[in-house]
Amino acid sequence: MTTTIGHNVDLPERAYRIRRHALRMGEVQGQGYIAQALDIADVLATAYFHAMEYRPEDPHWEGRDRFLLSNGHYAIALYAALIEAGIIPEDELETYGGDGSRLPMSGMAAYTPGMEMSGGSLGLGLSIGVGMALGLKRKGSKNRVYTLFSDGELDEGSVWEAIMSAAHHKLDNLIGIIDVNNQQADGPSTEMLGFEPLVPKLEAFGWFTQRIDGNDIEAVRAAFDAAKQHPDPQPRMIVCDTRMGCGVPFLEAREKSHFIRVEEHEWQLALDALDAGRTA
Amino acid sequence: MTDTTARAPEKVRLKTSAMIASIAAEGQATKPAPFGHALVELAKSRPEIVGMTADLGKYTDLHVFKEAFPDRCYQMGMAEQLLFGAAAGLAHEGFMPFATTYAVFASRRAYDFIHQTIAEENLDVKIAAALPGLTSGYGPSHQAAEDLALFRAMPNMTVVDPCDALETEQVVPAMAEHRGPVYMRLLRGKVPLVLDEYGYRFELGKAKMIRDGADVLVISSGLLTMRALEVAKALEADKVAVGVLHVPTIKPLDTATILKEAGRTGRMVVVAENHTVIGGLGEAVAGVLLREGVAPKFRHIGLPDEFLAAGALPTLHDRYGISAEAMSGSIKGWL
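If you're matching them up, the sequences are chains A and B in order. Taking numbering that gives the first Met the number 0, I'd label the letters of the first sequence as residues 0 to 279. Taking numbering that gives the first Met the number 0, I'd label the letters of the second sequence as residues 0 to 334.
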C-alpha cells in the first residue's frame, strides 16, 4: 500500500485503510486496543478526510484544526489515521509499541507528529480543548478544536467541569466526540457509572448535541457537517454509538472486553476478513 | 485570700482560625498585593500573558490583574482540574497563563492535571498558589504543608518559595523568562517587606547569603527566611552569630552554594522551612550534603508529619516551632 493517495478516495475506503493500518500495528505487537481502533475508524476517516484542515507536511501549521485524543489508548487508531493522512510514513507502523518508536502504545504529544496532547490519564482532553478553544478565539482564529474521548471518561468529574465551562464560554469552535462503545476496563460503561440519558443531559448542559451510529459513515459525515454549520454560540457534541471490532466480524462477535485478545494466527485472519468486507 | 474574680485581660490578642490571616507582624512594613501589581507591570510588555483563576481571584491578588486587563483574565469557576487543563490548552496556543488558586488545591486536587497536561509537555504555565505551608489557621483543608514535596517530585517543574513582597515582585518576571512550568508559593494581601534592607536581588536557581554568621548557618526559604533574619538579630544579644542562606528556588536547587556555605567548618547547619519535614528543603539539603560527604552538625526546623490544628497563626507557629521565638529557642538548645 502507499500513503500517497489522491483526494478522490472516498470515506469508506479511508476508513478501511485506517482499520488495515491499525490491524497491522496490532500484529506487530501481538496486542493493542484493536477493537477500539476498529470502532472509531469511521469517525477518524471523517475527521481527517472530510472535516479538518491540516497540512500533512507541517503538522504544527498554525492554520490547522486541532485534534485532541483524550483516550490515549486509542493511539493505535490515531496513528493509523495519521499514516493514512501522510503525517507519519506507513513503514513506521512496523515500530508500533517498540523501544524508541515514535508510536508508543499510549499517545503522547512529544513522541508523535500530529499528536496534540498526552492522553492516557483519562478525563484530561476536554479541559485542554476548552483552553485551546479559548486560545484560538483570543487569536481570532477560525480553526476548531476536535476532542475525542470515550464513554468511560464521562465517569470523571473533570469532564463535566469542562462540559460546563465550554458552554459558559460559548465555545462554538469546540467539537466533542464521545465514543460510546459501552465498554470500559471493568465492564459495560453503563453498568460502571450510568451516564444516560446522554443527549438530554448534554443539551441541558448547553451543548448542541447529536447522537448517531458512529459506524454509519454517512451519518458521521452529516453530523460533522451539522456540528460545523450549527449557527448558535454553543459547543457541539457528537455522541457516536459504535461497535467494537467493527469491520472484522469475528472480532465484533467476540465477547466484549476492554482489551480484546487476538491470537497470533488471528491477525492475518482479521486482515483477510477486513479485505473481504471491503469487496463485499 | 486569692482574688478569683475574673478580670478582663489588659489587651486581647485577636485569636482566630480564619482562613485568611496576615503573616505580617504588628507594625511591620508591608506592600499590598505584590504579585498582582508585578503581573500587571509585566503584562504591559508581554501580550501573551493571561490570568486564570478558579474562584479565588480576590484571594490570590489576581483581581489586580483583572482590573487592569479584564479581557485577559479567565474565571474558570471552582474547578481546579479544568483550570490547569485549560491553562495547558492556552499554553499550547502560545499564551502564557498565570493560573492561581490555593496551594492545597493546586497540589492535592489538581496534581495529575498539572503533571500530565502541563509538566509532561513542559508547557509555559505559571502557577501562583496562595496559603502555602502553614499560613492559614483554617485547618488541614487549607494548610498546604506538603506542596513542596509534591512539586519537587514532578519532572520539569521549577519550584519557588519567595520570602517577602520585594522578592515576590522579582520572581514574577523571572517566572515568565523561564521556559517551562513554574510553581510559586504565593504570599498575598499585605505582604511583609524585609529583604529591601539587605540589598537583595532574586535570581532563579540561586541561593543567596542574606547575612553572614560564624556560629550557625540557617538555610531557609519563604516565610522562614524572614523568621531566620529575626532569629539572627535576636541571638546577637546572646553572642551567637547566625548566618542566613536564603534558598528561594527549591528546584532546581543551588547545590554549589549550599555545599560551599555548609562546608565552612565550625558552623551548625539548621534548615528551616514552612513545610512538613518530609520531602521539602530540609531533606533536599540533607541529601546534597550526604551525597557530597559534607557533614556539619545538622538540625531541621519544619512542620511535623501530622494534620495540623486550626487556630490563630501566631499560636500555631509557636506550637509547631516556626515562630521566631520558637526557632531561637530550638537553635540555642542545639548549640
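The set of hints was computed from the structure by calculation and includes no laboratory data. The C-beta atom is built at its ideal place from N, Cα and C for all residues, glycine as well. Any given hint could turn out to be false.
Calculated lysine-lysine pairs in the DSBU-like style (CA-CA distance at most 30 Å, straight line) [stated by the list, open to error]:
(1) B/K250 - A/K169
(2) B/K43 - A/K136
(3) B/K57 - B/K250
(4) B/K65 - A/K138
(5) B/K65 - A/K141
(6) A/K169 - B/K30
(7) B/K189 - B/K57
(8) B/K250 - A/K136
(9) B/K238 - B/K250
(10) B/K57 - A/K138
(11) B/K189 - A/K141
(12) B/K189 - B/K43
(13) B/K259 - B/K30
(14) A/K138 - B/K43
(15) B/K30 - A/K136
Here are the simulated distance ranges between beta carbons [to be verified]:
(16) A/D57 - B/D54: 48 to 58 Å
(17) B/P154 - A/S256: 30 to 40 Å
(18) A/R253 - B/S140: 42 to 52 Å
(19) B/K57 - A/K255: 19 to 29 Å
(20) A/R277 - B/D54: 48 to 58 Å
(21) A/P230 - B/R107: 19 to 29 Å
(22) A/M163 - B/R210: 43 to 53 Å
(23) B/S140 - A/G156: 40 to 50 Å
(24) B/R318 - A/V198: 52 to 62 Å
(25) B/N155 - A/K141: 45 to 55 Å
(26) B/E40 - A/D90: 24 to 34 Å
(27) B/R45 - A/L268: 43 to 53 Å
(28) A/E190 - B/A311: 23 to 33 Å
(29) A/D215 - B/A17: 25 to 35 Å
Now the hints, each set against the structure:
1. B/K250 - A/K169: violated (39 Å)
2. B/K43 - A/K136: holds (21 Å)
3. B/K57 - B/K250: holds (28 Å)
4. B/K65 - A/K138: holds (19 Å)
5. B/K65 - A/K141: holds (26 Å)
6. A/K169 - B/K30: violated (38 Å)
7. B/K189 - B/K57: Holds. B/K189 to B/K57 sits at ~13 Å (cutoff 30 Å).
8. B/K250 - A/K136: violated (35 Å)
9. B/K238 - B/K250: Status violated; Cα separation ~34 Å.
10. B/K57 - A/K138: holds (27 Å)
11. B/K189 - A/K141: violated (43 Å)
12. B/K189 - B/K43: holds (23 Å)
13. B/K259 - B/K30: violated (34 Å)
14. A/K138 - B/K43: holds (18 Å)
15. B/K30 - A/K136: Not satisfied, since the Cα-Cα distance of roughly 36 Å exceeds 30 Å.
16. A/D57 - B/D54: 48 to 58 Å: violated (40 Å)
17. B/P154 - A/S256: 30 to 40 Å: holds (34 Å)
18. A/R253 - B/S140: 42 to 52 Å: holds (48 Å)
19. B/K57 - A/K255: 19 to 29 Å: violated (50 Å)
20. A/R277 - B/D54: 48 to 58 Å: holds (53 Å)
21. A/P230 - B/R107: 19 to 29 Å: Distance hint for A/P230, B/R107 is violated at roughly 42 Å.
22. A/M163 - B/R210: 43 to 53 Å: For A/M163 and B/R210 the Cβ distance comes to about 52 Å; the hint holds.
23. B/S140 - A/G156: 40 to 50 Å: Distance hint for B/S140, A/G156 is violated at roughly 18 Å.
24. B/R318 - A/V198: 52 to 62 Å: Between B/R318 and A/V198, where Cβ atoms are some 56 Å apart, the hint holds.
25. B/N155 - A/K141: 45 to 55 Å: violated (33 Å)
26. B/E40 - A/D90: 24 to 34 Å: violated (53 Å)
27. B/R45 - A/L268: 43 to 53 Å: The hinted range 43 to 53 Å is violated for B/R45 and A/L268, with Cβ atoms some 59 Å apart.
28. A/E190 - B/A311: 23 to 33 Å: violated (51 Å)
29. A/D215 - B/A17: 25 to 35 Å: Since A/D215 and B/A17 have Cβ atoms about 60 Å apart, the given range 25 to 35 Å is violated.
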